[in-house]
Structures are given as C-alpha cells and as structure tokens.
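Undergrad: Sequences are here, hints too, so could you generate the full structure?
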Amino acid sequence: MSTADLFAILRGLPWTVALTLGAFLVGAVLGVPLVAARQSRILPLRFLAMIFIQIVRGIPPILWLFIIFFGLGMSVFPISPFNAALAGLGLIAAANMAEIYRGALASIHFGQWEASSALNLGRWSTLTDVVAPQAFRVALPSAASYLIGLMKETAVASTIGVSELAFQGNQLSQLTFRGLEVFALVGMFYILLSLPVAWLSRVADGYLQAKVAR
Amino acid sequence: MLPSLEELSAWLPDLLSGLSISLQVTALSLLIGIPFGLLLALGVLAKSRLTKIVALFLVEVGRGAPALVLLQFIYFGLPTTGLTLGSFTAAVIALAWNTGAYTSEIIRASLQSIPHGQREAAVAIGLNRLDALRYVLLPQGLRVALPALLAFSILIFQGTSLCFTIALPELVSRAYEIGSNTFRYFPALLAAGVLYASISIPAALLVSHVEKRAGSYAQR
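So the protein lines, in turn, are chains Y and A.
The letter at position 86 of the first sequence is residue 86 when you use this note's numbering, and the numbering goes up by one with no holes.
The letter at position 77 of the second sequence is residue 77 when you use this note's numbering, and the numbering goes up by one with no holes.
Since the hints were made in silico from the structure, they are not lab data.
Some clues are possibly wrong.
[To be verified] Partner residues aside, some chain Y positions facing chain A, computed with beta carbon under 7 Å:
{"hint": "1", "residue": "Leu63"}
{"hint": "2", "residue": "Phe70"}
{"hint": "3", "residue": "Ser75"}
{"hint": "4", "residue": "Pro78"}
{"hint": "5", "residue": "Trp124"}
{"hint": "6", "residue": "Ala155"}
{"hint": "7", "residue": "Ser173"}
{"hint": "8", "residue": "Tyr190"}
{"hint": "9", "residue": "Ile191"}
Please read all numbers here as calculations on a predicted model, not as lab measurements.
All residues carry an ideal CB built from backbone N, CA and C; glycine is no exception.
TA: Given below as structure tokens:
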C-alpha cells in the first residue's frame, strides 16, 4: 500500500461526509412534519403517514437508490448520482428520524402536558416550549447512533456511481488487485469516521440529560 | 410507469427465484450468525484477555464497517490470499459476520439484564458454568433478546440486497437485469420493491406485536 493509494481512497472521504450530513439534514427536517402527521388527530393523515413510513422502511436502501436513479432518472427526469443518493437516503432518513422523534415524544412524561394545560398553555406552545426541548434531549443519542448507521449506509451510493469511500476502494482494488488491503483500509475509514460522532454524542448527552424532567 | 400484466407474468418467475435466493442467504446468515453472535457475546464477557480482545475486534469490525464493505472484502479481497469463494458463500460469510457482530451486542445486553441473583442461585445449587448458562441464563436472556433479534432479521433480509454488488443473482440483481434488457427500469424495480415490502412490512408488524407481548412479561 503506497501513500498514493491511501490518497486515492481519501478522495472519497468528502463525498461520504457530504452525503451523510446532507441526507441526515434532509431526514431531520422532513422527519418533523412526518411525525406531526403520524401523531395528528386526523385519522386519514395519521394512517397515511404510518403507511408512508412503513413503505420507506420496508424497501432496502439500494433499491430506493436504483428506483430513483435508474427508474425515475432514465424515464422521467435526468438526475445526477449524488442527487439521487441524497434524495433516496434523505427519504429513508426522514422515515427513521420520524420514528426517533416519535419515541422521544412518547418518553416525555404525561404530567408535562397536564402541567402545561394547567398553566393554560395552548397545544402549540406546550409543544414548542415544554415538550419539544425535552424530547430533543431524549432523541439526541438515538439520532447520533442513527447518524453513524446512515454514514455506513452511504456506502450503497457507490453502486450508482457516487465516488465516495467504497467506490474509490472498489476502483483501487480493480486497479491494483490488492482487494484485501484496500477493503480493510476502507472499512477502517468508516470505523474511524464513526468515532468522533459517538464521542460528541456522549459528551452532549452528558450535558443535556440533566435537564429532562422525570 | 406501472408494469403491465403481461410484463409482470413474464418477470415474476425470474423475480421470485431472485427472492428465493435472498431468503436463502437471509436464513443461512441468521442460522450461522446468531450462534456466532452468542459465541462472540460470551467471548466479550470472558475472563481470558485474549478471547476478549479477539471477540471485541470481530464485533467492532463487523458492526463498524458497512455490510457492503464486508461483502466486498470477502468476495474481492480474500482471493488475493488464494482463497476464492463463490458469491453465495461470500454473501453468507459476510452477512453472518455482520449478524454475529450485531446480535452479540443484543445477546450480551440481554444476558446482563438478568438479575445477578439468578447466577448466584445457579452457583448455589451446584450448576457448573455451562449448565448455569444453558438452564438458567440463556432461557431468560433470549426471551429478552427475541424482539431485537427479530427486528435485526428484517434488516439482514434487506441487507441481502447488497449482494447485488458481488454478482449474486438475488432480487435486486434480477430486477436490474430485467431493467437493462427491456429498458423498463422503473416498473421492474418497483415490482422488486413490492416483493421486498410484502415481506418486510408484515414482518415489522409481527415484530412490534412480539415487542408488546414480550414487554408485558418483563419484571420491572
């Protein structure tokens, strides 16, 4: 393994990071209306959101990327590999983040809602001022471990030609016929990438958990 | 956009045989991976330092690296050492490793969730370590672990779709092949998606049912 090979793999790093953060951001934002619909008082809306989440989670990520990149990309509108991967992984992240938010909301003690209505807060301000800040703290560790999971999931984007870590590793192994070292190195990069996220999550969790009512 | 009925009837045998390969890989990975996970969990909990380090390494790499990279490591990497595997064998080995790494954490957590008194009681009535595990700890631990293990099985079923990259003719490969032959990518991939969903969604509903049932037995 020469340093040139190492740099060849490293060229994939920005793409992996961009795809991970982009998809996570899309998911974290789209997850909010999705969980709102999932918890809504209107039955059809609740039902639709539930079906949407189940379908998105019921189909493997690689197939979503193919449906978007080959399926839609070749017949409806042309789409670049990166955007297709971002859309597909963002969609999956939205469904998963909605479930994480839902779990966090459910973990907030019912007394918090009761206390808010005793203080004559409306439904909206109860949510934004009392429940959501606490739910955010509960959701943080699971969101962080989902972020790590999503980072590993971005490896499937190599199949539609996004030049991220796994893609570069694939290219290099075909070039050098040294798959063993190359893929071991690629795997190590993914493990190294997950370390700072895990560490940050533990630190943030230590600060934030103290402020959740029990 | 949608596949016509004739197309569906022409594609279905192909897609179904792909699905059956996906299911075979899933079943074998779980059959090998879960006992392997139990071994890894016991290894991580072992007193011997060497066993602990080896088990931890296998768990951390199996969980830390993406399943796709594990697959390619085994399928494209191992031949350089002179060990060439077919894509089916490589898929089962990689996914069983992945399963073992994840389930070892599930099993370890559930073994540790058993009150300490159970182990002490087993020692008190003269069971050796193996019997304590077999008759006291595992029956209780696996009941706790069951919902998480089932949920993971669905993920492994979906994970078999990654075997597309090592040329295993499973469901995604079949759909992609139909797409590239007929240029009807969207309908073919959609049909594959429906097949995946028709297994994953009922399975997910079953898991949440089991979760509720198992929760009602738990002592708090």
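Undergrad: Any hints from earlier that this structure breaks? Give me their numbers in increasing order, please.
TA: Of the numbered hints given earlier, those the structure breaks are 4, 5, listed in rising order.
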